[in-house]
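Just so you know, the protein sequences line up as chains A and B, in that order.
First residue of the first sequence? That's 1 in the working numbering, and the numbers climb one at a time after it.
First residue of the second sequence? That's 1 in the working numbering, and the numbers climb one at a time after it.
Read the hints as simulated data drawn from the structure, not as lab findings.
Please note that a few of the clues may not be correct.
Short, incomplete list of chain A residues facing chain B, as computed with Cβ under 8 Å [unchecked claim]:
#1 D19
#2 N129
#3 M139
#4 H146
#5 S186
#6 P188
#7 G239
#8 R241
#9 R309
Restraint-style ranges between C-beta atoms, simulated for each label pair [to be verified]:
#10 B:A103 <-> A:P170: 48 to 54 Å
#11 B:Q27 <-> A:E237: 49 to 55 Å
#12 A:G70 <-> B:V12: 45 to 51 Å
#13 A:S95 <-> B:Q27: 56 to 62 Å
#14 B:Q27 <-> A:F240: 47 to 53 Å
#15 A:A265 <-> B:A103: 50 to 56 Å
Covered stretches of chain B, going by a simulated chain A footprint (3 or more residues, C-beta under 8 Å) [said to hold, decoys possible]:
#16 27-34
#17 57-71
#18 104-110
Every residue, glycine too, gets a C-beta built ideally from N, C-alpha and C.
Each chain is listed here by its residues.
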Amino acid sequence: MRNVNIVGAGMIAFGRYPDSSYAGLAVPAVLAALAEAGVDAREVTEVFCGHSFGGPLVGQRILKDLGVGGIPVTNVENACSGGASALHLACRAVSEGKTRIALVIGVEKLTQFGGGTLPLPSEDWEARNGIVMPAVYAMRAQRFLHERGASVEDLAAVAVKARSNGSLNPFAQLQSETTVEAVLASRPIADPLTLFQCCPTGDGAAAVVVVSDDVAAALAGRRVAIRASVLHSGSIERGFRDMTFPEISAASARDAYAEAGIAAADLDLVELHDAFTIAELVYYEVLGLCAPGESVAMIRDGETTLGGRVAVNPSGGLLSKGHPVGASGIAQAAEMYWQLTNQAGRRSVPDARFGMSHVTGGGISGLDHGACAIHIYEGVG
Amino acid sequence: MPDLTAFDLATVTSGTDDPRLVGSLCQNCGATYFPQRLICFECRSEALEPHLLPSTGALYAWTTVHVSSTRQTPYTVGYIDLPGGLRILSDITGPLTDDDFDAEVHLVVGDSGGWSFSARQNAGVR
């Protein structure tokens, strides 16, 4: 992908805002992104808004509060990939010359559900029979531990790394570090996953401004180029499926590398979908960050820490930063913008050039996941 | 337009010594399904008939769930691979150990029609 850039990003600290509206969550993030871009709200030519549980017309409810109307506004639901799917649509609109200044918003308020697991549609047979998202990842973990001879301490190490990074990120919902012992001693959710191995539920919003090269040059501010924007849907399978290798993410990554013209080894940082600890170990291999079978060694050897060979989830990831479903993909894009423009403070990945963001998700019988969106970014000054 | 997943159709036979789950068999391509369906998603045929599924399979993975938005906890569910290339989600009853990956599990049907799979022949039903 060429001729698509992020020129501004903003987000609110993820957390619990039970008294806020969707617009109340999103407006501060939008204003921060526009200010960084040097764009007035009324210069925006198109808006894409990702969310899952906000009800009708979330984007318009946000824009009304900014006095913006009369432009195309598209609300995008794609479970955990909703925000990144909105970004995908913005990338297409800008690269095809259909719009000049696209504003992309991701917003979610999970405190409306009072905690617990995300609601899945009751018309899905497996959801009616006891599937919740932690159970999907728990079975993935059980099978992974069985096949690899890995231990629950290896799973816990992912949470420890995430919380360490998150303690450096003022936007993270969980600001404290933790230990392997504390992770394993937290209450059970779905065996072998314990509470600290599951992303916290909360609220949040993030926004980015997406423009072409010409507009970016005219704005004359900091920019990050988007080199790939890929969106996939899950494929139905009646029978056996290797739960340790979700094919939707593998296929999306393959297409993203091809579109960007780079290889996994070129990546300096990755924000991947660590909704549960096991997911990160699985995705090291699925995204090609290590060879098949090498993910346990990768976490044990510290290759994915800040300062490691490839920093994975320097923001703290979903496990520490939080996972307000529709907001997460845009929060990842914002992190890429800050990292690749040297604005990431104490969590900076030094000398980073290429980054990848990856979200997937959704629980549907017979699919590994419903949606997956991957973006590749390049710092260009 | 009927609901393609046909929730209201019977899922298990009862009153026999050999209880079976009732799925669907595509008369056009031979694909099997559970629960029953009205359209085959392999070949889009609508010629699906009720079909008794094998009562034993291999346990791929399982978990005991402690937090759920849909059921009382704890409960144990797992994926079972049935002969013929069909994976189903089922409650798993009876004790399990680390040796039970890929172990043979058996359909168990209770008096009330509730069903699960168990790695032990004589395990009870919830």
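Here is what the structure says about each hint:
Checking A:D19 against chain B by beta carbon gives a least distance of about 23 Å; that is not within 8 Å, so the hint is violated. Hint status for A:N129: holds, given a least beta-carbon distance of 6 Å to chain B, under 8 Å. At its closest, the beta carbon of A:M139 sits 4 Å from a beta carbon of chain B; the interface hint therefore holds under the 8 Å criterion. The restraint placing A:H146 at the interface with chain B holds, with a minimum CB-CB distance near 5 Å, inside the 8 Å limit.
Given hint, A:S186 at the interface with chain B, is violated; its Cβ is 11 Å from that chain's nearest Cβ, farther than 8 Å. This hint holds: A:P188 has a C-beta 5 Å from the nearest C-beta of chain B, less than the 8 Å allowed. Because the smallest distance between the Cβ of A:G239 and any Cβ of chain B comes to about 4 Å, under 8 Å, the interface hint for this residue holds. The beta carbon of A:R241 is positioned within 8 Å of a beta carbon in chain B (closest approach about 7 Å), and the interface hint is therefore held.
Restraint check, A:R309 versus chain B: the minimum CB separation of about 31 Å is more than 8 Å; hint violated. Hint check: B:A103 to A:P170, Cβ distance near 49 Å, so the stated range 48 to 54 Å holds. Distance hint check: the CB atoms of B:Q27 and A:E237 are about 21 Å apart, inconsistent with the given range 49 to 55 Å. The hinted window of 45 to 51 Å between A:G70 and B:V12 is violated, with their beta carbons roughly 58 Å apart.
Evaluation of the 56 to 62 Å hint for A:S95 and B:Q27 yields a failure: the beta carbon distance comes to about 47 Å. Between B:Q27 and A:F240 the C-beta distance comes to about 24 Å, which lies outside the given range of 47 to 53 Å. In this structure, A:A265 and B:A103 break the distance hint of 50 to 56 Å, their C-beta atoms being roughly 40 Å apart. With a threshold of 8 Å between beta carbons, the proposed coverage of the stretch 27-34 of chain B by chain A holds, since 3 of its residues qualify and at least three are required.
Only when three residues or more bring their CB closer than 8 Å to a CB of chain A does the claim for the stretch 57-71 of chain B stand; here the count is 12, and the claim holds. Counting residues of the stretch 104-110 of chain B whose CB lies closer than 8 Å to any CB of chain A gives 0, so the stated coverage by that chain is violated, three being the minimum.
When each numbered hint is compared with the structure, violations occur for hints 1, 5, 9, 11, 12, 13, 14, 15 and 18.
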